[in-house]
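Residue numbers (my numbering), protein chains in the order written: chain S, 14 to 501; chain F, 14 to 501.
Please note: incorrect hints may appear among the correct ones.
One copy or two, either will do: identical chains are not told apart, so a pair holds if it fits within one copy or between any two.
[Said to hold, decoys possible] Within a straight-line C-alpha distance of at most 25 Å, the following computed SDA-like cross-link-like pairs (lysine to any residue) qualify:
1. K438 to P340
2. K199 to N42
3. K482 to R359
4. K30 to G321
5. K482 to E33
6. K438 to P109
Because the hints were derived from the structure by calculation, they are not lab data.
Number of protein chains: 2
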Amino acid sequence: MFEEAEADPCLSKEEFKPLEARLRVALLNAQYQRLRQARKTLLVVVAGIDGAGKGATVNLLNEWMDPRHIKTLAYGPPEGEELERPPLWRYWKDLPPKGRTGIVFGSWYAPLIREAARKHPRHDAIEAQAAAIRRFEAILAAEGVQIVKLWFHLSRQAQRERAERLLASPETAWQVSPADLKVYKKFHRIRAAGEITLNHTDSGHAPWIVIPSADEQMRSARTAEAVLAALRQHGVPRIPPSFVAHSGPTRVIDRLGRLDYQAREEKDDYDSELGLLQGRLAGAVRSRKFQDRSLVLVFEGQDAAGKGGAIRRVTHALDARQFDITPVSAPNSDELARPYLWRFWRQVPRKGRIAIFDRSWYGRVLVERVEKLTPPATWRRAYAEINDFEGQLVASGAIVLKFWLAITPDVQLARFKEREKSPFKHFKITPDDWRNRDKWQDYARAANDMLARTDVSRAPWHLVSANDKRYARLQVLRHIVQTLEDQL
Amino acid sequence: MFEEAEADPCLSKEEFKPLEARLRVALLNAQYQRLRQARKTLLVVVAGIDGAGKGATVNLLNEWMDPRHIKTLAYGPPEGEELERPPLWRYWKDLPPKGRTGIVFGSWYAPLIREAARKHPRHDAIEAQAAAIRRFEAILAAEGVQIVKLWFHLSRQAQRERAERLLASPETAWQVSPADLKVYKKFHRIRAAGEITLNHTDSGHAPWIVIPSADEQMRSARTAEAVLAALRQHGVPRIPPSFVAHSGPTRVIDRLGRLDYQAREEKDDYDSELGLLQGRLAGAVRSRKFQDRSLVLVFEGQDAAGKGGAIRRVTHALDARQFDITPVSAPNSDELARPYLWRFWRQVPRKGRIAIFDRSWYGRVLVERVEKLTPPATWRRAYAEINDFEGQLVASGAIVLKFWLAITPDVQLARFKEREKSPFKHFKITPDDWRNRDKWQDYARAANDMLARTDVSRAPWHLVSANDKRYARLQVLRHIVQTLEDQL
Numbered sequence: 014m015f016e017e018a019e020a021d022p023c024l025s026k027e028e029f030k031p032l033e034a035r036l037r038v039a040l041l042n043a044q045y046q047r048l049r050q051a052r053k054t055l056l057v058v059v060a061g062i063d064g065a066g067k068g069a070t071v072n073l074l075n076e077w078m079d080p081r082h083i084k085t086l087a088y089g090p091p092e093g094e095e096l097e098r099p100p101l102w103r104y105w106k107d108l109p110p111k112g113r114t115g116i117v118f119g120s121w122y123a124p125l126i127r128e129a130a131r132k133h134p135r136h137d138a139i140e141a142q143a144a145a146i147r148r149f150e151a152i153l154a155a156e157g158v159q160i161v162k163l164w165f166h167l168s169r170q171a172q173r174e175r176a177e178r179l180l181a182s183p184e185t186a187w188q189v190s191p192a193d194l195k196v197y198k199k200f201h202r203i204r205a206a207g208e209i210t211l212n213h214t215d216s217g218h219a220p221w222i223v224i225p226s227a228d229e230q231m232r233s234a235r236t237a238e239a240v241l242a243a244l245r246q247h248g249v250p251r252i253p254p255s256f257v258a259h260s261g262p263t264r265v266i267d268r269l270g271r272l273d274y275q276a277r278e279e280k281d282d283y284d285s286e287l288g289l290l291q292g293r294l295a296g297a298v299r300s301r302k303f304q305d306r307s308l309v310l311v312f313e314g315q316d317a318a319g320k321g322g323a324i325r326r327v328t329h330a331l332d333a334r335q336f337d338i339t340p341v342s343a344p345n346s347d348e349l350a351r352p353y354l355w356r357f358w359r360q361v362p363r364k365g366r367i368a369i370f371d372r373s374w375y376g377r378v379l380v381e382r383v384e385k386l387t388p389p390a391t392w393r394r395a396y397a398e399i400n401d402f403e404g405q406l407v408a409s410g411a412i413v414l415k416f417w418l419a420i421t422p423d424v425q426l427a428r429f430k431e432r433e434k435s436p437f438k439h440f441k442i443t444p445d446d447w448r449n450r451d452k453w454q455d456y457a458r459a460a461n462d463m464l465a466r467t468d469v470s471r472a473p474w475h476l477v478s479a480n481d482k483r484y485a486r487l488q489v490l491r492h493i494v495q496t497l498e499d500q501l
Numbered sequence: 014m015f016e017e018a019e020a021d022p023c024l025s026k027e028e029f030k031p032l033e034a035r036l037r038v039a040l041l042n043a044q045y046q047r048l049r050q051a052r053k054t055l056l057v058v059v060a061g062i063d064g065a066g067k068g069a070t071v072n073l074l075n076e077w078m079d080p081r082h083i084k085t086l087a088y089g090p091p092e093g094e095e096l097e098r099p100p101l102w103r104y105w106k107d108l109p110p111k112g113r114t115g116i117v118f119g120s121w122y123a124p125l126i127r128e129a130a131r132k133h134p135r136h137d138a139i140e141a142q143a144a145a146i147r148r149f150e151a152i153l154a155a156e157g158v159q160i161v162k163l164w165f166h167l168s169r170q171a172q173r174e175r176a177e178r179l180l181a182s183p184e185t186a187w188q189v190s191p192a193d194l195k196v197y198k199k200f201h202r203i204r205a206a207g208e209i210t211l212n213h214t215d216s217g218h219a220p221w222i223v224i225p226s227a228d229e230q231m232r233s234a235r236t237a238e239a240v241l242a243a244l245r246q247h248g249v250p251r252i253p254p255s256f257v258a259h260s261g262p263t264r265v266i267d268r269l270g271r272l273d274y275q276a277r278e279e280k281d282d283y284d285s286e287l288g289l290l291q292g293r294l295a296g297a298v299r300s301r302k303f304q305d306r307s308l309v310l311v312f313e314g315q316d317a318a319g320k321g322g323a324i325r326r327v328t329h330a331l332d333a334r335q336f337d338i339t340p341v342s343a344p345n346s347d348e349l350a351r352p353y354l355w356r357f358w359r360q361v362p363r364k365g366r367i368a369i370f371d372r373s374w375y376g377r378v379l380v381e382r383v384e385k386l387t388p389p390a391t392w393r394r395a396y397a398e399i400n401d402f403e404g405q406l407v408a409s410g411a412i413v414l415k416f417w418l419a420i421t422p423d424v425q426l427a428r429f430k431e432r433e434k435s436p437f438k439h440f441k442i443t444p445d446d447w448r449n450r451d452k453w454q455d456y457a458r459a460a461n462d463m464l465a466r467t468d469v470s471r472a473p474w475h476l477v478s479a480n481d482k483r484y485a486r487l488q489v490l491r492h493i494v495q496t497l498e499d500q501l
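Isolated chain S (complex conformation) (with noise of 0.2 Å):
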């Protein structure tokens, strides 16, 4: 896949300057035209081989274009908060909105290739690695970030040779660092690592493009035409089903219709068992341990089952500078410009913090798939990808548990009249309420659906009946205080 990269091939200026005015003009078209249009994002991969002129490249890209609407991000080795959450945080965080462009710099490929650049490079974690990324840019391409990667190459020699002219000078010294230096040194491990790379996670919807690197001239217009190919790309790409959608037809259990409704609890017993189970919960969050893990507390339910009520005997037992709630609503116009995952990837909390949202993600496969708002084959791919976010929530050491509250339509009904007579509880019923309770059967049919395909140990879901407030409230604690102690 280098072959033509290291024979160095050029472009001379008579060749260079007429094709430079096209792609010029061409590329400020391109961009204009997609902000205008503003339905996708496009993120450009900046990687390759140290001393090949990324940098260089990239400035140029900047002045061809038009700068005031290209974001550059550009990433170092994790440092601070970004250590305390998972790696893909930081990339989600700063994901740019649509009709924008942004070149990432230290990209998601920075640990794959130094794995696959060591001496005995370990087969296993290039594997994850590699799984990673491609998820990763799966539900980039689905949710409208489109992704051209550009591979920056040359040879050895032409490197070395490269890296010495810039140095020469003083108005270019600055562009070489020392790490340029040693690439002549383990060329070949460096070339392996790209080859393993690009082998391992080029794909339709984000392609890998090598950019011959040599020559200044070559390395600008290859560049050019890599990005404004990208730009003019029009239509959704072909994502392997392999990667987005769910794990295939599974019997869907009634487990909303199975609950036991009947379950209560006495008031005595409960403002004892409360008590106890809240100090537990104090306890194990100001334990030394937690202070190396942290906490995501999903709530969802029907409405009126009580979800605040049991939210607020969670944050008793909490300090107020320890958590914070985020209750979801429709998502504004900031959210719609970028993947569905984006406002509660910048909600993941840094270790020893608890984050509670009042409902969640899972809006995409219950309130969006039930009034429509989304089309199935966008919803039915959400499965794996939740299964995969609160997975790598998992492995950064956050503790997940979700809690469905389930009450019954004669509860609900009950609480709603309850809330229009109630002095300050009237405004919380709305048309909306009423007119989801007219869908009972297919916001039933959508938990359903959603349990069985998001249920996983390392995440799981607790079903608790809410039809007797206090016995879900205590079901709730009982969960959390007993995985907080299993686990720390």
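With chain S's structure known, arrange chain F on it following the hints.
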């Protein structure tokens, strides 16, 4: 001011119980009503004697109110990238949107209180800190962020007893920090610091309320009452004009009219000087000294004055990893829910970096004034607010340069027509542009006012004749290079 609190008053259980019931309902009601209206943010600043129960009380507030709509903002000593920006940056960044409540621990008062609690407080430092806080709170209050500040206070003896009582039980010992145990020894200095703080920063729009804290029930009730009163407050607070108004009537000079619009640059001279200036710029921003500074460039001017072209000539000399360009247009919903400077505060650069604004916070006194998007009283106070903002940037090490690219109506007309004909510029011209043209005199007047009020030596305006694009680009680069070379 601490007499009542140091008498350590108590509330009996019989007095407290009915009060608690009333307060809880009232707090929830008031909170929901504000959420629905979404007209204002409420910030509750928590300060006072360590070991007076601040944390416990905030936990209680979270429990009495709906914690899903309260954001606890807790700050320790500044760290990491916070140290690379003005001290108020982190508070600006985290401002909750309208309708929501934020409770602030470790607020902008921490440095003032620390200074005032020294054995020999420096009078000047206190005055400067207090003045900065007053300006900060004035702009927040004027922009729809209501502030109430609670000072938790109790007698020396009661503080000591409380800490010892909490320490005695393993259930509550975690509430006691080492600092709490040292309060006893230097109680008089902390008390004096409280007096100084309250005396310097109490105001009608951001009042201090002393909470007697020896007795838990008294402390809870008084805190709830203070927050309730704040939640219920209607109307815009009266803010002393000295903080917010501009500097009074000034004779405004028609600087735009007096400019020499004939200034030109010949092509040959231009090319060589452009290269030289870009080289000097490249050298300056790559110098070691710049790594401890930052650069903020503001570009304003009539439509078609050539802002984009000038910016590109600047960024040509920069590494794409070193700068960010923020194109500014109408605020989105997230931005409208906060003070207008919020979105610019979020873009304040770290050390060693460059932030370029294509249009800027000056929109407040330009387009918003001329198009009557903002009432006169509001844009009039923006001059002082903007001067304060830029002053904070400069004080933290930023170099701030502002450019107004000025053209004449005939040149604008010619450029509009040229754009309409160009295959890739025609979309740059919209009906808005033609409408703005009709208001040429209004915009000129607003620009002249702005120059008169915000052209300060620490953050100067450069008025650049831009009928000749080459001349304008060189002038911009000359000013930047000259300033950097002078200051580094």
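Okay, the hints, checked on the actual structure:
1. For a Cα distance limit of 25 Å, the shortest separation of K438 from P340 inside one copy, 17 Å, qualifies, whereas the shortest one across copies, 44 Å, does not.
2. With identical chains, the CA atoms of K199 and N42 are never at most 25 Å apart, being 42 Å at best within one copy and 68 Å at best between copies.
3. In this assembly of identical chains, the alpha carbons of K482 and R359 never lie at most 25 Å apart, being 31 Å within a copy and 43 Å across copies at closest.
4. Taking the shortest alpha-carbon separations for K30 and G321, only the inter-copy value of 24 Å comes in at or below 25 Å, while the best intra-copy value is 65 Å.
5. With identical chains, the CA atoms of K482 and E33 are at most 25 Å apart between copies only, with a shortest distance of 22 Å across copies and 70 Å within one.
6. For the homomeric pair K438 and P109, the shortest alpha-carbon distance between copies (24 Å) is at most 25 Å, but the shortest distance inside one copy (39 Å) is not.
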